[in-house]
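Protein sequences, first through last, are from chains A and B. Mapping the first sequence onto full-length UniProt numbering, position 253 (from 1) lands on 253, and the numbers just tick up by one. Mapping the second sequence onto full-length UniProt numbering, position 91 (from 1) lands on 91, and the numbers just tick up by one.
Hints should not be assumed to be uniformly reliable.
[Unchecked claim] Computed far set for chain B versus chain A, every beta-carbon distance over 12 Å: (1) 10; (2) 37; (3) 84; (4) 144.
[To be verified] Quick list of simulated restraints, FRET-style, between CB atoms: (5) B:153 to A:335: 30 to 38 Å; (6) B:20 to A:205: 53 to 61 Å; (7) A:369 to B:96: 48 to 56 Å; (8) B:44 to A:190: 47 to 55 Å; (9) A:346 to B:91: 50 to 58 Å; (10) A:330 to B:122: 46 to 54 Å; (11) B:102 to A:41: 33 to 41 Å; (12) A:369 to B:132: 39 to 47 Å; (13) B:53 to A:160: 52 to 60 Å; (14) B:131 to A:335: 29 to 37 Å; (15) B:44 to A:263: 44 to 52 Å; (16) B:155 to A:114: 37 to 45 Å; (17) B:17 to A:222: 32 to 40 Å.
Everything labelled a hint here was simulated from the structure, so no lab data went into it. Here a beta-carbon is modelled for each residue, glycine too, at the ideal position from N, C-alpha and C.
The primary structure of each chain is shown beneath.
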Amino acid sequence: MAPEIFHIAQTPITCHAFSADHKQLAVSLNSNDAQIFTRQGAAWTPTETLSEHDKLITSIDWAPNSNRIVTASQDRNAYVWQQTPDPQTGKTIWKPTLVLLRINRAATHVRWSPNEDKFAVASGARAIAICSFDPENNWWVSKLLKKPIRSTVLSVDWHPNNVLLAAGSADMKARVFSAYIKEIDAKPTATVWGSKLPFNTVCGEYASPAGGWVHAVGFSPSGDVLAFASHDSSISIVYPGGPAIYNIRISSLPFVTLTWTGEDSIVAAGHDCQPVVSAASTTTRRTRGGPRAGPGSVGRLNSGAWSTFQDADKRGHTGPGGVKEKDTKLTTVHQNTITSVRPYEARGGRVSKVSTTGVDGTLVIWEADSVSAVTGAMGGMRM
Amino acid sequence: MDNAFRKIDIDIYDEDVLQEEELFDADPRDPAQVLDDAKQRQNAVRGALARSDVVGALNIVLEDAPYGSKVEEAKTVSLQTLLTILNTTKATEIPGVIRSLSLDGQDTLMKYLYKGMAMPGWGDISGSILLGWHEKLTEVAGTGCIVRTMTDRRIV
């Protein structure tokens, strides 16, 4: 089935999150406000604006069961938004609660834990704030994961057991931490990542051979495998029991976001504008790419920018007219970097649909298995 | 605008500052040994080139290439060795040679090409030959290979 394409805005979409019923969508349109869109037939119309932050909102997450939204921003704050009736009008509104993050740099990424009783906020302060609700004081308090983070944390992902947290950081490392909060969590059972798990236990620290900022991390649905995408145009897949790390080199530009769709497959997307399915198993590894220019050409360089340059070089053409309008359009669905890919719909234990948003202001909902056509195999292995 | 403040080294006031050398795993080999290796390889490469075994010669110089801060001389020797290979290979053979390199070999070759292009006029560097190799290597290994060259702190 062809992907569903929605042009949401003329501005970049920094991040997106759906409500549990998929009828509503919260996005940050590269601004200080979170915008809520409601689906009306085949279109998304803006219905509400959540404004409280005074700098760019970097990440949004929508808890499916408790129907709460959390937003993180460069203003070093996070807010939890909850639907409550307005005391004057009786109308349902989104009411913000400030979270005491105690970080002195921008918040970069936020995710609710699976039980929705905690959330993790990654930040530029070399720390991750693990936030939980304190009913006595009626506010959200945070506990900081600090050691041994050396630089900005770019992404976080929760393990299904509600205790372990993966984090990708600009110090070139992906790590697995324990984010155990005594007041909330039951004593966790042992996993492949470890058995004794007091707060801030480092269960693993991994890097890609060529290094690079770790843009995205993700636990597999079982939580037994970790995948991370780094700026050296590669995805690494960590099997802690092995212990083995598989590193898959990509021949195109780096991925900045990824999500697992099953125990053996990942959808990743980024600067190459096209989501890619990567099928994983312990014996073989295939990466499937989207439609690309023919053999002998270098990615998409051969189209717009390249022919402009050639025209200028060979025929002295500069400015418009040298290149036909259609040549500036990319062959991919997204026309610019994809900033976030998230699971959209699950069927039979597998994610059957994923959603992507990007710098081109477009939201696309893809069938997870037909994200792209098979073009070739590549792989690399490191034990 | 006054921007003299940009020249103040604020890192000296930060105990937690992230140093350049913490961003990659250091080469476990001793610098003197790395230099010896590089010189031995130079001879091995000459031998391989005499047998017109370009792939063999490239593999010798690209495997465990010296990187890091204390091995400048070994790096220079390795670059020189590599340039003799690049300069003596016929243009028509290049695509086949590149295809028979390992993925690591392709990434390391790209690092040397960029190093060479950053030093115009040094030794027997020829810009047009480096660009020829760069074009063919990008066709085989893609833009990802260039991204890895720019990202990797293990600079050759």
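Evaluation of the provided hints:
no., hint, verdict
1, 10, "15 Å, holds"
2, 37, "20 Å, holds"
3, 84, "26 Å, holds"
4, 144, "4 Å, violated"
5, B:153 to A:335: 30 to 38 Å, "32 Å, holds"
6, B:20 to A:205: 53 to 61 Å, "19 Å, violated"
7, A:369 to B:96: 48 to 56 Å, "37 Å, violated"
8, B:44 to A:190: 47 to 55 Å, "51 Å, holds"
9, A:346 to B:91: 50 to 58 Å, "53 Å, holds"
10, A:330 to B:122: 46 to 54 Å, "39 Å, violated"
11, B:102 to A:41: 33 to 41 Å, "53 Å, violated"
12, A:369 to B:132: 39 to 47 Å, "41 Å, holds"
13, B:53 to A:160: 52 to 60 Å, "53 Å, holds"
14, B:131 to A:335: 29 to 37 Å, "30 Å, holds"
15, B:44 to A:263: 44 to 52 Å, "46 Å, holds"
16, B:155 to A:114: 37 to 45 Å, "42 Å, holds"
17, B:17 to A:222: 32 to 40 Å, "39 Å, holds"
Hints 4, 6, 7, 10, 11 from the list above are not met by this structure, while the remaining hints are.
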